[in-house]
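Chemist: As a plain string of letters, each chain reads:
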Amino acid sequence: MSLTDRVLGDRQRLAYIASQAADARLNVELETEGMTLNIGPQHPATHGTLRIIARLDGEQVVWAEPSCGYMHRGYEKLAEVRTYPQVTTLVNRIDWLGSFANEVPFILAAEKLMEVEAPPRAQHIRTILFELSRIANVSLFLGDLGVQMGAITPVFFAFRDREYVLNLIEGATGGRFHPNFDRIGGLKDDLPKGWIAETKAVMKKLRTFCDQIEDLLFGNEIFQSRTRGIGVIPKDIALQFGLSGANLRASGVDWDLRRDHPLPMAWNKADWKVWTHPDGDSFARCWVRLQETREATKIVDQLLDTIPSGPIMAKVPKIIKVPEGEAWVSTENPLGEMGYYVVSRGELGPFRVKIRSASFNNISVAPWALRGVYVPDIITILASLYFILGDIDR
Amino acid sequence: MMSVLAVEVPYWGQSLLRVLGGIVAVLLPAGTIVYVFLFKMMSFMQSRLGPMEAGPYGSLQLVAEVGKWLQKEDIIPERADARIFKMAPVVVLVSTFLLIAVVPFGPDAWFTNFEVGIFYALAVSSLSVLGILMAGWASANKYSLLGGLRAAGQLIAYELPMVLAVIGVVIQAGTMNLQQIVVAQNSGSIFGFDGLGNPYILTQFVGFVVFMIAIQAELTQAPFDMPIAESELVSGYMTEYSGFRFLIFFIGEFATAGVFSLLTSVLFLGGWGVPFAWFGWSDVDSVANWMNVAGPIIMITKMMLIAFIIMWVRFSSPRFREDQLQRFAWKVLIPVSLGNIALTSIFKVVM
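As given, the protein sequences belong to chains H and Y, one line each in that order. So for the first sequence, this note's numbering puts the first residue at -1; every next one is plus one. So for the second sequence, this note's numbering puts the first residue at 69; every next one is plus one.
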């Protein structure tokens, strides 16, 4: 007690006493003081500004809670004062690692309200770019996974091979990070010459990269001991917390919007598989994502072979006015289900946009999953849940 | 009495000169070479070029980095225990420099020649725990505290397999003197076959592996880098250090890696002897003088080899969790090294 008296000021001492009262249950058996550890907002593991308040007993977590909002940029509100074509610029920046995938559901929602549909060629190219941004996103996850566990080599491999994908996206759209390429009724441009052959070569490289990561990380005994059986989220809990994407599939729920939800996109024209894992632990989540990257390369390969010819833009007016109505469209984004609820009053811009981003729901399971684990496992569980800060705070 | 520039130098002065000369002549160039070598090596592993700007091919990177750190502000947190905080990095570095004192580089190229050299080396190496614990506690930072406590638990746990692995060597050599261990390895024979000499990596392979794992933990390198654990504890016990004091920790880290590599090559790779050739010398005193020049070169080569392995493991494996690490030490390494001691003793008596 003498140490805390010396170190803390009056105001803090009150807070300290309050926290001591909360610890009373803990301290019945052993006279140990709990410790509150603020992980973040500035912390190497949160890759952004997520703050996790963890109450520790030694190295064991008594409870932990993510505190988000440090990067709130108000995109829902900003969208209300933008015209429809301008909103894609905003939503690009939600999940900044797979930004093209953010544009698609919004555009689809606007198209649904306007009752237009993109021509088949545009749908195909959209799907290809969507899967490319998935690869760009998840390949960084696979590299980052190592860093969170102390192996720094995989991240360099990930950045190296992600670069090829970014080059492709840049080649097609002109923007590496924020393409802003999707238009209501189609796409801004057609594919450049030679892009298809190049993409095929890159997909081969990406499959090699997946094999490398599997060798380097997934086969590693230390990696397995750090992830297997850690942070288990059972099926019912995953459903209750509204997890989506790979996190849900890793808990054994066979659910993929790309397959289950008919949209004017080209996923049903390719032959691919939805991977699930029965375990629901950190390893399962990582493994499902690895398999998804492989599937994505396959989807891209197949769709490249079957791109139909034709226009890339449907007949839409120069000045876009969306008729009155409400629409909800969600797609299977790299991080999980991402949806836009667009309310239109027949004006140039949306009246209200509600963005359902995957990471916000995925991170909400953290207090449940983090109870009773050790401090190092906080990091691995959060890493395997895989969130992008922009996607949490929007 | 030795005279330097016509000034009589007392014995303690000679020792001091030897140590200072050794640091300047051996440790600094060796440190620079090893540092650049390791940085380049790890960069190539990670498919990048590494330092390229400072000096030709990035060879002066260490100088550049020291210069950079020296310019930085020396920050001491307000609530830190300032005296202990300042002392901690020095303690860590001193333990490294005390360690180098017993490493023999040639028949006469040594700083001190203890009868109980290896015993001293292991004792001194555990001094660094003290420095790390001091740093962790004095920083008044929760991450530092966790890091310091982890380090203390880890270093103490891995001290034991390390000592037990060395006991095998000591039994086989019949001496604790590092110089004698080198001679015993180079002039020895394996089961009567003396074409190779007997570098103990061949007969004490289990001990070698245990020792390598233990020094990996002792150096707090991945997969045993929980005390630093940059993704969890920011930088562990070093979190609050900046500028010059961080530099000392940083040098300490690489220097300790180098010194432990030297120690490993003395214990298991035949030290300063030319591999698989001893030229029929009978003991240390009859070794030809040119070994004093060749010895350090051979030692540094072997040290780079060992440091390469240490860094290779470091840059390719994820880290353990604290409890897994302790379990590994107590349930795997210690029984294995005890078994190794038993086997060595039996062979020693029987042969």
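In case anyone wonders, no lab produced these hints; they're calculated from the structure. Among these hints, one or two may not hold up.
Pairwise CB distance ranges (calculated) [unchecked claim]:
| # | chain 1 | residue 1 | chain 2 | residue 2 | range |
| --- | --- | --- | --- | --- | --- |
| 1 | Y | Lys399 | H | Gly67 | 50 to 56 Å |
| 2 | Y | Asp142 | H | Glu74 | 45 to 51 Å |
| 3 | H | Glu74 | Y | Lys140 | 53 to 59 Å |
Simulated coverage check for chain Y against chain H, where a stretch passes if three residues somewhere in it have a Cβ under 8 Å from a Cβ of chain H [what the hints assert, rightly or not]:
| # | stretch |
| --- | --- |
| 4 | 297 to 305 |
| 5 | 366 to 377 |
| 6 | 380 to 394 |
Keep in mind that this is a model prediction, so the values were computed, not measured. For each residue, glycine too, the CB sits at the ideal point set by N, CA and C.
Chemist: Taking a Cβ-to-Cβ distance below 8 Å as contact, does the stretch 380 to 394 of chain Y have at least three residues touching chain H?
Modeler: It holds, with 10 qualifying residues against the three required.
Chemist: Three residues minimum, CB to CB under 8 Å: does the stretch 366 to 377 of chain Y make the cut for coverage by chain H? Let me know.
Modeler: violated (count 0)
Chemist: Assuming the hint says 50 to 56 Å, is it satisfied by the Cβ distance from Lys399 of chain Y to Gly67 of chain H or not?
Modeler: violated, 45 Å
Chemist: Quick check: do three or more residues in the stretch 297 to 305 of chain Y have a beta carbon closer than 8 Å to a beta carbon of chain H?
Modeler: The restraint on the stretch 297 to 305 of chain Y holds, since 6 of its residues have a Cβ under 8 Å from chain H and three suffice.
Chemist: Regarding Glu74 of chain H and Lys140 of chain Y, is the given constraint of 53 to 59 Å on their beta-carbon distance met?
Modeler: Roughly 43 Å apart at Cβ, these two residues miss the hinted range, so it is violated.
Chemist: Just tell me: holds or violated, for the beta carbon distance of Asp142 of chain Y and Glu74 of chain H against 45 to 51 Å?
Modeler: For Glu74 of chain H against Asp142 of chain Y, whose Cβ atoms are near 47 Å apart, the range 45 to 51 Å holds.
This entry does not satisfy hints 1, 3, 5, going by the numbered hints stated previously.
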